[in-house]
Amino acid sequence: MIRIRAAAAAAACALLLAACGSGGGGADASGDGPASVKVSVIPIVDVAPIYLGRQQGFFAEQGLKLELASAQGGAAIVPAVVSGQVDFGFSNYTSLILARSKGLPLKVVAPGAGSTGVKGRDFGGVVVKTGSPVRSAKDLAGKRVAVNTLNNINDTTVRASIRAAGGDAENVRFTELAFPDMLAALDKGNVDAVQVVEPFLTTALKNGGRLVASNYVDTAPDLTVAGYFTSQKTAAAKPELVKRFAAAMRKSLGYAADNPDAVRKVLGTYTKIDPALTSSLTLPTYPAQVNAASLKTLSALAVQDGLIKTAPDVKDLLP
Amino acid sequence: MTSAVATGSGREGRRRRPVPAWALGLAGLACLMAVAEAAPRAGLVKERFLPPFSAMVSALAGQAGTPVFWRALLETLRGWAIGLAVAMAAGVVLGILIGGVPFVRAALASTIEFLRPIPSVALIPLAVLLYGTEMRSTLLLVVYASFWQILVQVLYGVQDVDPIARETARSYRFGPLSQVRTVIWPTALPYVVTGFRLGAAVALILEITGELVIGSPGLGRQIAVAQGSGAVASMYALVIVVGLVGVVVNVLARATERRVLRWHPSIRREVVS
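Protein chains in written order, with the UniProt record's numbering: chain A, 1 to 319; chain B, 1 to 273.
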């Protein structure tokens with residue numbers, strides 16, 4: 001499935017040239033009544049604040065009628081944003097850096113989720129089976145590690161973890177597996193380690209898995225992992241809409257940061273995570289600002305690991 | 001009827017009555033359920049990754065109590081029906097037009113053979129570009145995939161028309177419309193119905209695939225959400241629902257076939273035997 005998505009993403013990039021800006025997204029911010037704003041999100045823990053913000057009326061306060069379109073991943077979100085089918089999308093920042101360096105006109109408008117910065121208590125990490133000889137990130141050299149998308153944020157940050165622990169980051173064999181398939185693959189011994197995020201991290205640890213690295217923590221202090229973006233065209237054509245969305249989003253993120261219990265509760269409205277599990281999940285942080293320094297780190301890692309030749313100017317990506 | 005057979009003769013009476021097909025079908029399903037229940041319990045597969053059948057059923061019961069589930073089911077059925085209807089209309093009209101004119105048919109044969117094997121899922125980026133993650137992008141895949149199934153059947157059907165009958169109709173100066181009505185349609189109808197049956201199944205598969213991969217609303221998206229939430233039992237519960245929908249779709253297609261073609265020798269034979 002992931003491979004189909006990757007192929008789809010590649011083809012989408014080619015097709016974007018032919019799109020010529022057809023299709024209209026949400027209405028403009030001008031005029032009476034609330035402006036409708038379409039946002040494409042992935043149903044994961046990271047996007048809880050936007051659901052909370054809608055519940056709390058933060059978007060209505062800004063005169064926005066929020067319409068959330070749930071997509072399965074970046075392969076569907078990026079083309080939808082660039083073609084103007086939706087106004088905003090959610091993605092991890094390495095994907096945006098890669099897209100930007102390939103000339104896709106994307107702009108970050110608000111942060112989404114960040115690392116907790118606490119080793120061993122982050123919302124993502126590398127897990128091995130009980131009894132595995134791998135004790136730390138350094139031991140991952142020469143091992144098979146599953147990540148959900150090759151050549152993206154998860155393999156670059158795992159490599160950063162290995163380097164930080166003094167290991168050989170060149171000598172790791174990454175395999176692409178969807179998060180839901182990883183624990184079974186680890187259990188069967190098809191891979192030696194898996195990089196998972198919540199709710200699979202807590203599930204893995206509950207079933208006897210051992211955490212060997214907190215790859216987001218090892219990469220940069222307060223790494224902003226993912227956030228909301230728009231196309232340059234939307235940013236230029238609807239600056240008022242972008243401003244109001246960013247304001248509502250910041251308020252939602254602040255509320256989510258202050259009310260972790262509300263976050264856990266709202267998860268039940270758009271995911272099917274077992275309610276017994278939600279109380280023990282490690283939530284990401286919901287920062288109010290994009291950490292520009294951590295974006296630069298991700299960009300440098302993408303260059304170092306050969307994902308792109310030259311790093312795009314992070315300033316172009318930021319609002 | 002059974003008593004008549006029983007009293008026919010001693011030997012007839014002793015012969016075991018054949019087990020009806022539906023009972024065999026149910027027995028097959030029961031076996032499948034038993035295996036699905038026993039395999040995880042016996043430790044052949046880990047319960048964490050493939051829960052026993054009873055756990056799936058109880059997850060299904062939980063799902064059935066939520067409006068989200070019913071809305072998703074309705075969205076899937078709606079997408080399937082609209083997609084199939086569009087493909088059906090386009091396939092039949094174009095099939096008769098293309099098939100009816102030998103020149104056009106020869107000219108388009110290679111194009112059709114080129115477009116037909118393109119997997120619908122390869123068009124996902126195009127669909128997302130045009131319609132985002134709405135229902136319409138999945139609809140595009142559904143229509144594309146089932147249209148070829150129907151078109152090709154209609155083409156076969158039109159080709160099967162007796163040339164003498166066509167010539168006769170022509171020499172009696174039947175207009176094109178009455179030629180279609182009186183000569184082409186009766187011959188092509190069994191093929192059209194076969195196309196409908198094949199298209200109905202393909203449309204359902206593509207509807208679910210589109211929802212799964214793109215994230216347009218429906219059961220497929222619910223499966224993807226359950227996967228992403230690590231809710232294994234719920235995921236399999238929804239997969240079971242998709243299977244059941246498939247069975248219903250097939251039964252409906254067969255019933256339509258029997259109804260529309262009740263005059264046709266193939267169906268009459270089926271009824272007699």
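Any given hint could be a false lead.
No more than 27 angstroms apart at the CA atoms, straight line, and that leaves these computed lysine-lysine pairs for DSSO-like [said to hold, decoys possible]:
1) B/LYS46 x A/LYS143
2) A/LYS129 x B/LYS46
3) B/LYS46 x A/LYS206
4) B/LYS46 x A/LYS102
Calculated directly from the structure, the hints in this document are not laboratory data.
Every value quoted in this text rests on a predicted model; they were computed, and no experiment measured them.
Consistency of the hints with the structure:
Annotation: proposed proximity of B/LYS46 to A/LYS143 holds, straight-line Cα distance about 24 angstroms (limit 27 angstroms). Restraint check for A/LYS129 and B/LYS46: the C-alpha separation of about 15 angstroms stays at or below 27 angstroms, so the hint holds. Among the hinted pairs, B/LYS46 with A/LYS206 is consistent with the structure: their alpha-carbon atoms are about 15 angstroms apart, no more than 27 angstroms. A distance of roughly 43 angstroms separates the Cα atoms of B/LYS46 and A/LYS102; the hinted pair therefore is violated under the 27 angstroms criterion.
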